[in-house]
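S.K.: With the hints as constraints, model all of the structure from the sequences given.
In the working numbering, the protein residues as written are 1 to 244.
Some hints could be false.
Here are the simulated distance ranges between beta carbons [as the list claims (entries may be wrong)]: (1) 104 <-> 31: 38 to 44 Å; (2) 30 <-> 116: 21 to 27 Å; (3) 40 <-> 130: 25 to 31 Å; (4) 20 <-> 201: 32 to 38 Å; (5) 116 <-> 18: 22 to 28 Å; (6) 220 <-> 145: 31 to 37 Å; (7) 227 <-> 38: 25 to 31 Å; (8) 21 <-> 145: 39 to 45 Å; (9) 170 <-> 146: 19 to 25 Å.
What the hints contain is simulated information worked out from the structure, not anything from laboratory work. By construction, the Cβ of each residue, glycine as well, lies at the ideal position given by its N, Cα and C atoms.
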Amino acid sequence: HVQALKRRELAAITVNKTLRQLRSILSIAAQWGVIDKPLKFKGVKQPDVHPKFYDFAEYRLLTRAARSLSPEILAAVRLGGDAGLRCGELLGLRWPNVCFERRKLYICDNLVRARDKHGAWVMRQPKGGRARWVPISAPLEKALKALARRGAHVLTTKRGRHFSPNGLTRRLATAQRRAGLEPCGPHILRHTFCSQLVLRGVHVRTIQKLAGHANLSTTEVYMHLVTEAEEDAIRRLRDDETDE
Numbered sequence: 001h002v003q004a005l006k007r008r009e010l011a012a013i014t015v016n017k018t019l020r021q022l023r024s025i026l027s028i029a030a031q032w033g034v035i036d037k038p039l040k041f042k043g044v045k046q047p048d049v050h051p052k053f054y055d056f057a058e059y060r061l062l063t064r065a066a067r068s069l070s071p072e073i074l075a076a077v078r079l080g081g082d083a084g085l086r087c088g089e090l091l092g093l094r095w096p097n098v099c100f101e102r103r104k105l106y107i108c109d110n111l112v113r114a115r116d117k118h119g120a121w122v123m124r125q126p127k128g129g130r131a132r133w134v135p136i137s138a139p140l141e142k143a144l145k146a147l148a149r150r151g152a153h154v155l156t157t158k159r160g161r162h163f164s165p166n167g168l169t170r171r172l173a174t175a176q177r178r179a180g181l182e183p184c185g186p187h188i189l190r191h192t193f194c195s196q197l198v199l200r201g202v203h204v205r206t207i208q209k210l211a212g213h214a215n216l217s218t219t220e221v222y223m224h225l226v227t228e229a230e231e232d233a234i235r236r237l238r239d240d241e242t243d244e
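M.R.: Next comes the structure, spelled out in structure tokens:
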């Protein structure tokens, strides 16, 4: 089955996602005694793809569009683009972990796409199992202070209900379309956060810490932007010159 899956004309990321799910199923089957032990198999190599992100002008368009829609959408955009929160971290953020005095967010909860037996969203530790502090930018502070506090969580609907992952994606897509941008998931905001820090000359280790990347190699995916920015700078330096 695994080899047949690999032979099909599917994207590498699709194959690997399916294989991860299969590993989880087999692991549970082994725990329950259905099989002796979980099978081991490798995934397929995924091509190096640079993350898509918004440049500075596009991000400004998005924040303006979000502001015109609702305080909640603007806060969501700022939490992703100004603080680099993952989708689950953004949805799991609670008011007790917003410290305006220190101008920092304490990221310790991550909402996963699952509900408990009472119908509540399941919260776990952030990816990598590590909590972290993230500074609050001035625009993010303003966006957060404009929110109505309808419960423990920062992002809630007007009825006080918790934002769902799909609900966040739909709201973000509305803002993206209004800004003239192609609708895509909220993770582009996190890519934008990391990419813009690189373009601002922030050290890779600092970006790793702020983003909560467990491995430096994850952060280094964005470092191609440094070379591109340097090449663009040289082009700009000599664009107005002609051969004599």
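S.K.: Take the hints in turn and mark each one as holding or not.
M.R.: Results of checking the hints against the structure:
no.: 1; hint: 104 <-> 31: 38 to 44 Å; in the structure: holds, 40 Å
no.: 2; hint: 30 <-> 116: 21 to 27 Å; in the structure: holds, 25 Å
no.: 3; hint: 40 <-> 130: 25 to 31 Å; in the structure: holds, 27 Å
no.: 4; hint: 20 <-> 201: 32 to 38 Å; in the structure: holds, 36 Å
no.: 5; hint: 116 <-> 18: 22 to 28 Å; in the structure: holds, 26 Å
no.: 6; hint: 220 <-> 145: 31 to 37 Å; in the structure: holds, 35 Å
no.: 7; hint: 227 <-> 38: 25 to 31 Å; in the structure: violated, 42 Å
no.: 8; hint: 21 <-> 145: 39 to 45 Å; in the structure: holds, 41 Å
no.: 9; hint: 170 <-> 146: 19 to 25 Å; in the structure: holds, 21 Å
Of the hints listed earlier, the one the structure fails to meet is number 7.
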